[in-house]
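S.K.: The primary structure of each chain is shown beneath.
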Amino acid sequence: MLVLIVLTALLMAPLGLFARHESRPVVGWILALIPLALFVTISALAPTVLAGGRVEQAIPWVPRMGLELRFALDGLSLLFALLVSGIGTLIVLYTAYYLAGDPGMGRFYLTLFIFMGAMLGLVLADNVLTMFMFWELTSVSSYLLVGYKHDYPSARRGAQMGLLITVGGGLALLVGLVLLGNAAGSYTISEILAAGEQIKASPLYTPAMLLIFAGCFTKSAQFPFHFWLPNAMQAPTPASAYLHSATMVKAGVYLLARLHPTLSDTPLWLYTLTIVGMTTMLIGAVTANRRDDIKGLLAYSTISKLGTMVLLAGMGGPEAPAALVATILAHALYKGALFMLAGAVDHEAGTRSLSQLGGLRRAMPWTAALAILSSLSMAGVPILFGFVAKEEQLYAAVDNGLPPGFDILVLIAVVTSAVFGVLYSWRLVSGVFFGPRGSGMKEHVHEAPAGMLLGPALLTTLSVVLPLGLLPATATLLQPAVNAISNEGAKISLYLLPSQIGLPLILSMTALLIGAVLTRFEPQIVAAPSPLPPWLNGDRIYDAAVDGVLRGATIFTRTLQNGKLRSYMTWAVLTLVVVVAPPLALFGFGGLALPTLDGVEPFEFVSALLIPIGIVATLNARSRLGGIIAASFVGLMVAFIFVIYSAPDLALTQLLVEILTTVFLVLLFAVMPASFERLSSPSERSRDGLIAVVAGMVIAGVAFAASSVTQVPNISAAFRTESQSQGFGDNVVNVILVDFRGFDTLGEIVVLFTALLGIYAMLRLRPVADPTRDDEETPLQPTLPEVAALLGNGQAGQPAPREREAPVAGKGH
Amino acid sequence: MTFVLSLVVGTLFAGAAYLMLRRSVVKLILGMALLSHGTNLLLFLMGDGVVKGMPPFVDEATGVTPTAAADPLNQALILTAIVINFGFTAFILALAYRANQAVGSDDLDDMVETDRL
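Taken in order, these protein sequences are the chains called S and C.
Okay, so the first sequence: first residue is 1 according to this note's numbering, each after it adds one.
Okay, so the second sequence: first residue is 1 according to this note's numbering, each after it adds one.
To be clear, the hints were calculated from the coordinates, so they are not data collected in a lab.
As the structure is a prediction and not an experimental result, all values here were calculated from the model.
Take the hints with a grain of salt, since some may be wrong.
Partial list, computed: chain S residues near chain C (C-beta under 7 Å) [stated by the list, open to error]:
id : residue
1  : M133
2  : R437
3  : T461
4  : I629
5  : V671
6  : A718
7  : L737
8  : V751
Beta carbons: idealized from backbone N, C-alpha and C, even for Gly.
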């Protein structure tokens, strides 16, 4: 069932392409049936989970690597899967209106469904490797969605930045997950959690966790990787609302929550997550107030809330899991709605800039009403679900599991971010819907189409209705998710009004009050300098890093691949020396017998020594003929070595080949310069000589070590005994070549034939020298007969020009 | 004797490397010839050791090859290598011939932009 859910979204993705031919919104209503069906199916599984059960399914994939498509549905997966499919339904519908008439709509739907399948796979996976695969698939589909308007450089940059950062983090995550799997002895998430104590005692715990944190922090836009999220706002608004607010960016939080039950109670977990989450929360909240673009404002507020979630996952305490779950739900409800409404405003008014918008409440009353309600929820104003979640956050922050001193700091940070939350919510509403009419808007602004408002209306209604009597039911629904995050039996109890007025409520009201006062100072706060020092600008660091890599690659390529054969040769030879020499020196000569001269006759020495003499003669040859003769002499001496040491077949072949090669060389040199010029400088020659001598010494060492090791029994013995009985031949070498390894010989013949074809092509077929051709500028143009030959039609061309090159072709044969 | 032959292999490789680092096409080809000799001899030494006067032939009396005879396996491999290397050398020679016609030079540095030919 679970596999089917994931596969449905992925396999139905091509259906999205129908939107290419049908640009009316009706296509959205039809396509929305897919995620709706998924939502209903997942809901149908909910009773099992609510009853404390668990739905599992596994398909073996690569069993030897511990890789299997294993899926499980528990409370946490259920919450995320419902969010992904539920909000997905609304987004699919919304897209039909937002992108109406856009020729790329089919492509957008295709990618959106792929993302949906990947995200469902991610939250349902019960195997860390399966989860990782879907994790990366969400990064890739996010890249495609952000780069949807690929005509714009900013969209391409945003897409690339998101991809590089999340996939870079993904690499760290993969290593972390593998370490985790090794420490646990299993890649199944439930078994990893069961082995929590064993993992924490393992030395792999710290590196595994740090790498997993890197993956989660990049994915969930935590400081200092947060800057990719605002840049990803180049995506069409449906994608921003879906991926970069409601679902994908929460994947990091999801994984942290997933590992929370048994891996969390260590100082590493506590301090890393608390500090990073707190920093992100504050930076996001402050920066959101400095943004003019409403999507940018929402992006930074998302970063702030993601920071809050990481903080809640990290800080411990009995209430933190419940607060985390409530925050995830509340944020998905109001932020999903606000993004879609921001898209509606952009769509109708033609701008997203706060300084150009204003007074839209008359032109877009429904949009305004929904945005105001959702913003109130974002600000945490009572009776909305955002308030309930904020109460939970404060309750958790008051009763956190941090040491004294630090706990107060976290509490202050949470309250501060709540204050700024009020401020940016107010900026959004007052800047867009109130005040004088904006200057940069379209002439006639209309209300957004009803289909575009349906999604936000539904989400906003939930934000409003849930606290009005449905809180106990909501708590029941969320309890399994809390159970999945906490193994200490944390209970979620949502309330609108606490039974007694405690510290959380006082802090909440104080935050609202301070926030309301601060709205009077909005211009000063907007103009305030950035809280980060200028050098800590993620955008700039990213650009510098990308530029640096490209420049480094250019230098590297220019150095190594300069188009000169001998520099490649130099690098190859040096690499050989560097790679082979150290292991050879360390292990190559262990237990080697010193060379003895027993049974060695003088003529062996002499014939062996003649080879180096021939080499020296080759090197020193001043004329081409001298070089040929010296090299041939070396070849003949090698043949003589074969004669001495019982290899008559080799000697015979070598002799024949050497003679033929010499003949060819002489033919070639008929066209070459008569003598060698000194082309290299003396310093180059001595440098190359040094390289050559070192390489020769290494190879000599390899040869000696290889010839002296004790052989493991090899297949030569079988060849020796079965040569006559199986191959009916007395010469074992011949039998091997034509019988035992006959196919190898066939391959050898094919190689020779291919070489022959190549030689024929080079010597016989050639472009006709064109007198009109300018050697420096124009590339080679085929002449008419050549075109005819290439097309396989000899009659089409003029036969005449062929004769021109006949004398040249005949030369040397 | 393997020690002496190992040194010979080393000199073959050193000479080949030096020649292949030169700018002349002809020297490059000669270097490749030396390289193939060196490789063949290196393979030759990697068998069960070098044996004098005992080629891997079947003994008529017993019907099997004496175990003291030379290793047939690496001889078969080298035989293949020699032949393939011959095809390769012939190809390179034809290539050098064409290159010389096209560029009119023996200097590899004059062939940096041969992709335009």
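S.K.: When the nearest CB of chain C is found for A718 (chain S), is that gap smaller than 7 Å?
M.R.: Since chain C brings no Cβ nearer than about 10 Å to A718 (chain S), farther than 7 Å, the hint is violated.
S.K.: Identify whether the interface hint at L737 (chain S) stands, where standing means a beta carbon of chain C within less than 7 Å of its own.
M.R.: holds (5 Å)
S.K.: Can the hint on I629 (chain S) be confirmed by a CB-to-CB distance to chain C that is less than 7 Å?
M.R.: Violated, about 11 Å.
S.K.: For the restraint on V671 (chain S), tell me whether the closest CB of chain C is nearer than 7 Å.
M.R.: holds (6 Å)
S.K.: Tell me if R437 (chain S) is really an interface residue toward chain C, meaning its C-beta lies closer than 7 Å to one of theirs.
M.R.: Interface hint status for R437 (chain S): violated (63 Å vs cutoff 7 Å).
S.K.: Was the hint right that T461 (chain S) lines chain C, CB cutoff 7 Å?
M.R.: This hint is violated: T461 (chain S) lies away from chain C, its Cβ roughly 67 Å from the closest one there, beyond 7 Å.
S.K.: Going by Cβ atoms only, is V751 (chain S) closer than 7 Å to chain C?
M.R.: holds (5 Å)
S.K.: Given a cut of 7 Å on the nearest C-beta pair, is the interface hint for M133 (chain S) held or broken against chain C?
M.R.: violated (41 Å)
Hint compliance for this structure: hints 1, 2, 3, 4 and 6 are broken, all remaining hints hold.
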